[in-house]
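Participant: Read off the chains here:
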Amino acid sequence: MAQLLFFYLAGVIVLTAILVVGLRNPIYSVLSLLIMFFHVAGLYVSLHAEFLAAVQIIVYAGAILVLYLFVVMLLNVKREDRYHYQFPIGALLGVAILTEAVVLAIQRGYSEDVVPSPPTSELSFTGNTEAIGESLFTTYLLPFEIASLILLVAMIGAIILAKKDILTR
Amino acid sequence: MVPLSYYVILSAVVFITGVVGVLIRRNIIIILLSIELMLNATNINFVAFSHYFQNIAGQVFVFFALTVAASEVAVGLAIIIALYRSKSTINVDEFQLLKW
Chain A
1 MAQLLFFYLA
11 GVIVLTAILV
21 VGLRNPIYSV
31 LSLLIMFFHV
41 AGLYVSLHAE
51 FLAAVQIIVY
61 AGAILVLYLF
71 VVMLLNVKRE
81 DRYHYQFPIG
91 ALLGVAILTE
101 AVVLAIQRGY
111 SEDVVPSPPT
121 SELSFTGNTE
131 AIGESLFTTY
141 LLPFEIASLI
151 LLVAMIGAII
161 LAKKDILTR
Chain B
170 MVPLSYYVIL
180 SAVVFITGVV
190 GVLIRRNIII
200 ILLSIELMLN
210 ATNINFVAFS
220 HYFQNIAGQV
230 FVFFALTVAA
240 SEVAVGLAII
250 IALYRSKSTI
260 NVDEFQLLKW
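Residue numbers (the working numbering), protein chains in the order written: chain A, 1 to 169; chain B, 170 to 269.
These are computed hints drawn from the structure, not numbers from a lab. Predicted, not measured: the structure shown is a model, and the values here were computed from it. Built from N, CA and C at the ideal position, the CB exists for glycine as well. Mixed in with the good hints there might be a few duds.
[To be verified] Derived list of chain B stretches under chain A, where covered just means 3 residues or more per stretch with a C-beta under 8 Å from a C-beta of chain A:
#1 199-210
#2 229-243
#3 248-260
[To be verified] Only pairs whose alpha carbons sit at most 25 Å apart, straight line, appear in this in silico DMTMM-like list of lysine to aspartate or glutamate:
#4 B:268 / B:241
#5 B:256 / A:165
#6 B:256 / B:241
#7 A:164 / B:262
#8 A:163 / B:241
#9 A:164 / B:263
#10 A:164 / B:241
#11 A:163 / B:263
[To be verified] Computed Cβ-Cβ distance ranges for the label pairs, DEER-style:
#12 B:265 / A:70: 23 to 29 Å
#13 B:265 / A:1: 49 to 55 Å
#14 B:255 / A:67: 17 to 23 Å
#15 B:248 / A:5: 36 to 42 Å
#16 A:4 / B:263: 18 to 24 Å
#17 B:175 / A:27: 27 to 33 Å
#18 B:248 / A:106: 37 to 43 Å
#19 B:224 / A:160: 20 to 26 Å
#20 B:263 / A:138: 48 to 54 Å
#21 B:256 / A:92: 45 to 51 Å
#22 B:237 / A:28: 23 to 29 Å
#23 B:224 / A:24: 41 to 47 Å
#24 B:224 / A:28: 36 to 42 Å
#25 B:251 / A:97: 40 to 46 Å
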């Protein structure tokens, strides 16, 4: 049952990822990325990361993709050529990386039992959100503050870049 | 129970799709979307390893990746708008100001 669910989610994720790259219209690409984000959230739920699944839907699907859709519709681009003229080189490189990954996966495929079976630690008993919050505000307090600084810088930078003549006034 | 290697393979496939998208597309919005694909592939890896090793640190790192993704989108889209205003195109072949 768990395997069936995983294969469904993985199949949809791979299919929509390929559609994001392959579709000609940017709006369709953004919409297929939306479907992919929902299925990634489903994958997180199956991995017992419920809080991350909620954040994935709220932040990625709710904020980031809406921003993309705004810009796509704002720019109103006419239809253009789909691929770069470097298409053969890019495809060749992609096939090479894929072959490398497959070879690595086949070589390491028999060592499944190297990964120890997960012990039932405190992660299972306390809630997922509670554990994340506790870790975030004790061990990772400084990175958390730096992340807020990054968001502030991005906000100011986006305003300065997109506003027309804020510097020349 | 799904083996860990399945998640790693899925994440590798999604990541490679993103790399190929960055390399072959010329629409700059699609290039940013492909970067999102790559970030999501790493997030899947983080969450899978976090589950299998019962360590919450992987899920905390997904938060930081999410923060970086959000700020990258904000700044990247602002740059795209500024570029479109000056060149009135979003084809990356036209952006060769820094080309020597």
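Participant: Evaluate each hint against the coordinates.
Facilitator: Do the hints match the structure? See the list:
Counting residues of the stretch 199-210 of chain B whose C-beta sits closer than 8 Å to any C-beta of chain A gives 7, which meets the bar of three, so the coverage hint holds. Requiring three or more residues with a Cβ within less than 8 Å of a Cβ of chain A, the coverage given for the stretch 229-243 of chain B holds, as 13 such residues are present. Given as covered by chain A, the stretch 248-260 of chain B passes the check, having 9 residues with a CB less than 8 Å from a CB of that chain where 3 are the minimum. Proposed proximity of residue 268 (chain B) and residue 241 (chain B) is supported: the alpha carbons are some 24 Å apart, at most 25 Å.
About 16 Å separates the Cα atoms of residue 256 (chain B) and residue 165 (chain A), which keeps this hinted pair within 25 Å; it holds. Restraint check for residue 256 (chain B) and residue 241 (chain B): satisfied, since their Cα atoms lie roughly 22 Å apart, inside the 25 Å limit. Among the hinted pairs, residue 164 (chain A) with residue 262 (chain B) is consistent with the structure: their alpha-carbon atoms are about 24 Å apart, no more than 25 Å. Taking the CA atoms of residue 163 (chain A) and residue 241 (chain B), the gap is near 17 Å; set against the 25 Å cutoff, the hint holds.
Taking the CA atoms of residue 164 (chain A) and residue 263 (chain B), the gap is near 21 Å; set against the 25 Å cutoff, the hint holds. Between residue 164 (chain A) and residue 241 (chain B) the alpha-carbon distance is near 20 Å, which keeps this suggested pair within the 25 Å criterion. Between residue 163 (chain A) and residue 263 (chain B) the CA atoms are separated by roughly 22 Å; this keeps the pair inside 25 Å, and the hint holds. One distance hint, 23 to 29 Å for the beta-carbon pair residue 265 (chain B) and residue 70 (chain A), holds here, with the actual separation near 27 Å.
Between residue 265 (chain B) and residue 1 (chain A) the Cβ separation comes to about 54 Å, which falls inside the hinted range of 49 to 55 Å. Remark: the range hint 17 to 23 Å for residue 255 (chain B) to residue 67 (chain A) is upheld by a beta-carbon distance near 21 Å. Distance hint for residue 248 (chain B) and residue 5 (chain A): a CB-CB separation of about 39 Å, consistent with the stated range 36 to 42 Å. The hinted window of 18 to 24 Å between residue 4 (chain A) and residue 263 (chain B) is violated, with their beta carbons roughly 47 Å apart.
Taking the beta carbon of each, residue 175 (chain B) and residue 27 (chain A) are about 32 Å apart, inside 27 to 33 Å as hinted. For residue 248 (chain B) paired with residue 106 (chain A), a C-beta distance near 41 Å keeps the hint of 37 to 43 Å intact. Range check, residue 224 (chain B) to residue 160 (chain A): about 39 Å between beta-carbon atoms, so the 20 to 26 Å window is missed. Against the hinted window of 48 to 54 Å, the Cβ-Cβ separation of residue 263 (chain B) and residue 138 (chain A) comes to about 50 Å, which satisfies the hint.
For residue 256 (chain B) paired with residue 92 (chain A), a C-beta distance near 30 Å fails the hint of 45 to 51 Å. Distance hint check: the CB atoms of residue 237 (chain B) and residue 28 (chain A) are about 26 Å apart, consistent with the given range 23 to 29 Å. The hinted range of 41 to 47 Å is satisfied by residue 224 (chain B) and residue 24 (chain A), whose Cβ atoms lie roughly 42 Å apart. Taking the beta carbon of each, residue 224 (chain B) and residue 28 (chain A) are about 38 Å apart, inside 36 to 42 Å as hinted.
Roughly 32 Å separates the CB atoms of residue 251 (chain B) and residue 97 (chain A), a value that falls outside the hinted 40 to 46 Å.
Consistency with the previously given hints fails for numbers 16, 19, 21, 25, ordered from lowest to highest.
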